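Novice: Heads up: the sequence lines are chains V and S, in that order.
First residue of the first sequence? That's -16 in this note's numbering, and the numbers climb one at a time after it.
First residue of the second sequence? That's 315 in this note's numbering, and the numbers climb one at a time after it.
FYI, nobody ran anything at the bench for these hints, they're computed from the structure.
These numbers come from a predicted model, not from an experiment.
Cβ coordinates follow ideal geometry from the N, Cα and C atoms, glycine included.
Incorrect hints may appear among the rest.
To be verified - Okay, the calculated bits of chain V under chain S, using three or more residues with CB under 8 Å as the criterion:
#: 1; region: 19 to 25
#: 2; region: 171 to 184
#: 3; region: 187 to 193
What the hints assert, rightly or not - A few chain S positions that, by computed beta-carbon distances, are all more than 10 Å from chain V:
#: 4; residue: F375
#: 5; residue: G428
#: 6; residue: L432
#: 7; residue: E503
#: 8; residue: T504
#: 9; residue: L609
Stated by the list, open to error - Derived Cβ-Cβ restraints for the label pairs, each shown as a range:
#: 10; chain 1: V; residue 1: V286; chain 2: S; residue 2: S326; range: 37 to 47 Å
#: 11; chain 1: V; residue 1: L175; chain 2: S; residue 2: V323; range: 21 to 31 Å
#: 12; chain 1: S; residue 1: V322; chain 2: V; residue 2: K199; range: 14 to 24 Å
#: 13; chain 1: V; residue 1: V286; chain 2: S; residue 2: G386; range: 24 to 34 Å
#: 14; chain 1: S; residue 1: L599; chain 2: V; residue 2: T341; range: 44 to 54 Å
#: 15; chain 1: V; residue 1: L175; chain 2: S; residue 2: G460; range: 18 to 28 Å
#: 16; chain 1: V; residue 1: K152; chain 2: S; residue 2: L440; range: 27 to 37 Å
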Amino acid sequence: MKLVFRLAILAIVCAAFGAQAQDRVIRIGVLMPISGPGSYFGVMGKEGIDLALDQLKGSVSGYRLQVQYEDSACSPLQATNTVKRVLDQLKPHIVIGEECSDASLAIAPILEQAKVVQLNAGSVTMKLTESGYKYVFRIFPNGEQQGLPLGRNAYTKLGARTAVLLYEKTNAGVDSADGFEKHFVAAGGKILARIDFGRDVNDFTAIATRIAALGKVDVLPTFGLEGQQVRLSQALAQARVVKGGGGSAVQMGSIWLPYGYDQKAGAAAEGYIRIVQFDPTEKRKIVQDFVKAFRAKYGAERVPTHINAHAYDTMLLVAEAVRRGATDSESIRDRFSRFRNVEVTTGKISFGPNGQTTDLSVIHFIETQKDLSWKGLNW
Amino acid sequence: MNDLLALVVQQSVNGVYLGCLYVMVALGLTLIYGVLNQINFAHADFVTVGAFAAFFTATRFATKVLGLPDTGAYLLSMVAALGVGALLGLAVNAAVFAPLRRGDELRPLIATIGVSVLIENGQLALFGPIPYQFDSPFSRETIRIGRIFFSAQSVLVVAVSAAAIAALYAFMRFTFLGKALRAVAQDRETAGLMGINPNLVIALTIIIASALAGMAGALLGPVVVLTPFTGASLIVKAFAIVIIGGFGNVQGTIIAGILVGIIEAFTVQYLGSGLIDLVVFVLLLVMLVLRPTGLIAERKEENV
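Chain V extracted, bound-state conformation (with noise of 0.2 Å):
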């Protein structure tokens, strides 16, 4: 009877240690464009998450990630349903995403009404972290941030004095172009025209043609999807307005475009100065080490690009939440509003009032070589 007895409290004491073993776990919705023309993020952001999660080997201090991914479509309305039905099933403590500013801007109040961290690593609108959302954390410049270095330098270092906007129509697009035109501007400089174009914009002759014909142009600053931008660029080399065509114009991009646009555009890409905040080739050793452990599991060819590594780094920001006593979305986000400097692949991550990043010390300037080689810019 007493070794019933004993062998029933042991029974309770390791049922007691099981639930509290399943008890510890952070759930993390993955919100991120898995189809339509914006999935390339997805597949990408993925890439990085799972790279950091067999590095952490699915736990950290005890707590087990849980990671549910989702495919939002890059679209406002599919992004709110999708979060509903998250929010509903998986309990999060945390979302990841999503990557489109329209998707990020729809699923923020939702996010915000339930009391859950939002971590955005790749959404440009200012309107994100400019609503007085408490729980809306972002690792990806915004607009002002991109656009103050990027009008100014064209202003400055490039010595251009005249700029046509080209973007695509979304919050995205209007508020980089917004961004780079005040600074821009405020510097001296003039803007000729402001082009804006849909996502289903396929063929960029027409709008190049249009560019020709306004004359001397000096810089092009050019927000838009990787696949369209390709296309833009060669339609403008084609209409010799740019370097890469044989004209005098020089377009500009932001941190948005990833690495190897310049390898699908060709020649046309030749003199494209842009923004980069995740360079591959960056000394620092959580880069280097990033790198190597990513062509170890996806293939030596590959070179990540800054979407792998934002990605990557929202789970090592994650991790550092829960290692410094976070188990909640509350205490999560507490502990992301402390945050000084955390180091990640795309720079130290310390957060403003406003959930903003405010690091912006690794963002520098490149400019695409003839052999499509990146050159850094000492601006």
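Dock chain S against the given chain V, drawing on the hints supplied.
Specialist: Coordinates of chain S only, in the frame set by chain V:
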């Protein structure tokens, strides 16, 4: 040539080229409607399949296995895309369209949406979402006549479109099968009583339309952003063209396609590229109100 004239000529050239691309996509769509009275929502996905078939033939098989030069590889890829399109049409007709044709008209219509989703997601699983860079030797060459420029690819697009239209016209007018096809379009039952096998003719129509879609894909691949969703960005415009031209009317589709291409080019120049869809669909609404039969309204048997 003064600046304004040069600009007008250049945008007209851009528009005609763009219009020919649209015509190539819309031609098969209107052909199927003309004969079957059926809308094929999966048609633009057949175009994407053709583009991928051409891409892999040109960049993998023709150059690496057969050792062909770039030009030969691309021309072979066009033939391959034509063949893959035809085979896809044959398979989809046998598996989906033919069995559903016996019921009401709505079922095949819904089925085409299902086929579209299936093809898009199948391609997504096979090829992934990252845009493919498909350049032909013609897309890299720019031809300049005075101040006017265009790519060799655009000349190819216009030439192949014209050849395809001429071949289709000759087939319809001067061959027995073409006459049979028109007879089925006019009256399926009576054509059957005259010894024509309507099912065979319908299958042939779908195969021809799909082959044209495959060919369009080979031409479009080096021009557009090639992803599994390329077709989805074209289908709405293709439908607008078919409606403006007169549903099922091949001549109307050709005129409407080129008209829409030119309108797009001048919209970009004078109003802004963000207003392209607005202008095209206002034109569509105006056509539906003022001339619901489309630009060219003929008797049904004359349509195809």
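Novice: Which of the stated hints cannot be reconciled with the structure, identified by number in ascending sequence?
Specialist: none
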